[in-house]
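Fit the two chains together into the complex; they arrive one by one in their own frames, and the hints show the way.
The listed protein sequences derive, respectively, from chains A and B.
Numbering of the first sequence is given in our numbering, commencing with residue 1 and proceeding in unit increments.
Numbering of the second sequence is given in our numbering, commencing with residue 259 and proceeding in unit increments.
Hints may be right or wrong, so weigh each one.
Stated by the list, open to error - Some chain A residues close to chain B (C-beta under 10 Å, calculated; not the full set):
hint	residue
1	21
2	44
3	47
4	54
5	83
6	188
Claimed, not checked - 25 Å max Cα-Cα, derived PhoX-like pairs, lysine-lysine:
hint	chain 1	residue 1	chain 2	residue 2
7	B	484	A	79
8	A	171	A	5
9	B	383	B	345
10	B	383	A	79
11	A	33	B	590
12	B	383	B	351
13	A	171	A	241
14	A	33	A	5
These are calculated hints, taken from the structure and not from any lab test.
C-beta atoms are modelled at their ideal positions from N, C-alpha and C, and glycine is treated no differently.
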Amino acid sequence: MDSLKLGPYEFSSRLILGTGKFSSTRRMLDAIKASGTQLVTVALRRFNREQAEDDLLGPLSEMGGITLMPNTSGAATAKEAVRAAHISRELSGSPFVKVEIHPNPHHLMPDPIETWEACRILAGEGFLVMPYIPADPVLARRLEEVGCTSIMPLGSAIGSGQGLSTAGMLKIIIRESSIPVIVDAGLRAPSEACAAMEMGCEAVLVNSAVAVAGDPMAMASAFGEAVLAGRRAWHAGIMQKSGSAVATSPLTSFLGTD
Amino acid sequence: MNSLPAWLTDRRLSADIAPLLVQGDGASLERLAAEAQAITLRRFGRIVSLYAPLYLSNFCSSGCAYCGFASDRKTPRRRLEFDEIEKELAAMKAIGIGDVLLLTGERTGNAGFDYLRRAVDTAAKVMPRVAVEAFPMTVAEYRGLAESGCTGITIYQETYDPDNYRELHRWGPKRDFLERLETPERALQGGIRTVGIGALLGLSEPVGEALAVVRHVRHLCRTYWKAGISVSFPRIRPQDGGYQPSHPVDDRFLARMIFAFRIGMPDVDLVLSTRESPRFRDGMAGLGITRMSIASRTTVGGYHDPENAGTSQFEVSDNRSAQEFCSALRSKELEPVFKNWDPAYNGPICKEVAPCP
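Bound-form chain B, shown alone (with noise of 0.2 Å):
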């Protein structure tokens, strides 16, 4: 293997939330709360930006240990055709939906870059934002994104620990642990607006972990300053595979770690999705999390065709409706916003393909 880059174990990046991190008595947590809460009310007023998934294909090339559709599972596969996609994103608009990332598996002859590329084509006309997450691309085709409508891009490492990495993922092109790190830059490097990071929590270490998402993206910030940075924090769920986190993740330790990064990163988006519980949800918006999934289907088809979907790739644990959520975000007097982005900013935010001046 190619050696680390020197931001990935450079600790003076990630100095300041360290403390933060450490398991304290509860006043100490409370105290990172009001903190956290100040912040977030300062910085990103009382809204909350609402976003929802739609799966795109859940055939996929590698077999991450811990993936419902890791390459070995014997569920049916299955990627929507456009006139499907157009079902699904008339679904998704009818309960309000404004802002949608599209999602497929690691890249596959079936769902390949054409195939996305079209469909960020398809959803661009009818949805004012798009994201992707889907597999790691060149610059040029990140530019190729960008240039359809895409604006952002979702892409975790899932452990910073290459060890660990190479371990749960057996096989397939995501095998590479710096192929997969070094892809928010060329996404960045493509002129693609916003890259959302994280790890995938449960598969490594966590305080290591979170360190190592602080270090990325500062040195993201760093390195490209017109990059839109955001944090997502995902937590193993159960999935088809059965696979067991070796290293649990409890919900104290997430709400340190979420009330850290705000703390450390006053202004980067911080992401929830509906993997975690209503009752986190709920106490955790505004308290930090600036973002947030809505009413969302983990199944190919799951928003216009539910009994006919097939399986998902975890299990989603908030499957309260767009109006159950909202109303829960009111009761906090909190602002659910579906639509925070124009078109009229789309396209890529760097002239050429090539690093940002």
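For reference, chain A alone in the conformation it holds in the complex (with noise of 0.2 Å):
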């Protein structure tokens, strides 16, 4: 089976979803079973111990067949960040953690500095570590050598549906990875998460393009058959691309063979 293998777990869905920005949790719910995934990521500031019905965490939960991520999205630093990771682990039971650290609240661009520390800390306490980082080669091995689960760079700016601008570093880190490279954040149209798929991405994880849809089920279900089309493309070997035409009927035949 094409499974991906994250750590000491294997999925046969490589698509991760995003719990954010839905307008209800029933919609969330929803667009996860449609997905096909059986990954999502979910942000500790939306765990509600106290109102059930404020809580994300508690219905993915009760929900079967799904993996939880939880994140640290809200952290500045590597210390909230390992903060964060461990009360989320003790709370959701999940080996994962995805390390999100986004000093500017604004733009929510990750803070490589400090994703660095959390993940050497994290990933030497036995977490999966999934961290969020701007497409950069050398972060991404950096990352790898601490021990990260995977990397997780963005296509584009978080919740800007820019697709893949950052096309160029992420084949440099594609071919340079031997840990599983996701594609993180950006993503608008399913069309850019099977792009990312046929580049040779391992999985993609997408958030706003669900959850803001004008029907969230159908677009997860989308992108989640886009997502295998990607990768069986990626499989069956693409061909390359050409700066000329190329005849099917070459046109130095008559010239005989060596």
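Below, the structure written as structure tokens:
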């Protein structure tokens, strides 16, 4: 089976969904089901043990067939992210943590320095660490060295819907990584998720594009299919682009062979 | 008076937003609304974060002409003791509130820094997020609040017109325009994560006020790269004192201002309180606005003992219960979010008591 391997875990789906920004918990759960995903990320900020109606952890934990990956969205430093990871593991029981450290709360760009430090600590403590990072090939290798389970470079700015604007860097990261590369953030349309998979990503993570769609369930399903199509195409071997036409009947055949 | 900071009069900082504030026809307002909605959806999704104010004290040392708690008002003065604060917080938690804004008047002996810090300590034990709207403080005091679990400060300049400011702030520490203008920076230097600013609409010419707020936001973002900035749009409400706004702002201009801010500042939180009517609030939710107050009491003790809570700072216009307001949001396909923060992230955001590097 062509499964996504993250530490000792295997997933048949290569689509990871975010759980924020939905108009209701019901809509979010329906979208997860429709997408076929088996791994979802949820922010510690949205755990609410005191008010069930406001809580995302409870309904996700009760949902069968999915693994939770808590995230540290809100953390501005490595220290805060580590603290959030400990609390999240305690509450969710999940060994995964998506390290998100964005000190600027407006553009939400990940801080490479604090992210590296948090990942070093958390990987050392046995977490399955999945950092959200800028599309930086050097940082990607640094994170692999400290024991991350995967790396999650951004396709473009989070929530921007600008697609794979970092494609050039992503290709380098994919070529040089020996841990799974998962594109996270910026994807707007299923075609972009498909393109990321064709490029050789092991999986993609999508949130806004599904949550704010007119029909989140249908969009989630479309992303699921696009990811599958992209993966199949990557396996099949995509023909190279050429700058000029290549004749199917060679022009020099009359010269014979050597 | 010392000279005004350069950013306050630098029109280049607000040049993109100025044309959007020109009152045009209905079609132009509709176009702005559609663009503001699309940006809000993309950046913030289908959620509205909720908070509620908790009035700790109505003692005040200033003479703001437009405020029901100004020191010359006959209103009975009261501050909540810490057991009462706990009861207020418990009453707020019972309706789901997870984000509280603690309010006082200007600094007095009854309600000064030590009192406020202890109130923050008390609130942070039970509320996931605690913010403060009180008197201007020193950098060290803000750091103390951040260490106690205060993540945000709200401090309105009231008016960015220095002459009007002097006329309206008749006495007391708030009379110093520049001292107040520099307060958000002291809060950020002290490690407070988010600063809420705004102009009290109705005090001065509204287009000028709006553009000054834009310049202020952009100045703060440029100077303090980790700063979270939010903007509120308070309009003068009827209050004990009977001040009538000299530059009233109607619904259409206020809506235009919010749309323009969302278009020009796509990732800044825009806040609308219960000063506004249910009709206006329901209409604006999702069209730029991302944070709203809910089930607010603007009296001291108004949540746990409304019978004895006394006079309010101003009259609330949206008196709906939390449940009613949430139903209205849900009918617009928006999710009300009561907890959108975690105490795991509390603490000063800067390491030293100095400007962020």
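Status of the hints after comparison with the structure:
1. 21: Interface hint status for residue 21 of chain A: holds (2 Å vs cutoff 10 Å).
2. 44: Hint on residue 44 of chain A: holds, closest Cβ of chain B at ~5 Å, below 10 Å.
3. 47: holds (7 Å)
4. 54: Holds. Min distance 4 Å.
5. 83: holds (5 Å)
6. 188: Result: holds, 9 Å to nearest chain B Cβ.
7. B:484 to A:79: Holds, because 16 Å separates the two Cα atoms, which is no more than 25 Å.
8. A:171 to A:5: holds (20 Å)
9. B:383 to B:345: Holds, at roughly 13 Å.
10. B:383 to A:79: holds (21 Å)
11. A:33 to B:590: holds (24 Å)
12. B:383 to B:351: Given pair residue 383 of chain B, residue 351 of chain B holds - Cα atoms ~12 Å apart, limit 25 Å.
13. A:171 to A:241: Roughly 15 Å separates the two Cα atoms, so the pair holds.
14. A:33 to A:5: holds (21 Å)
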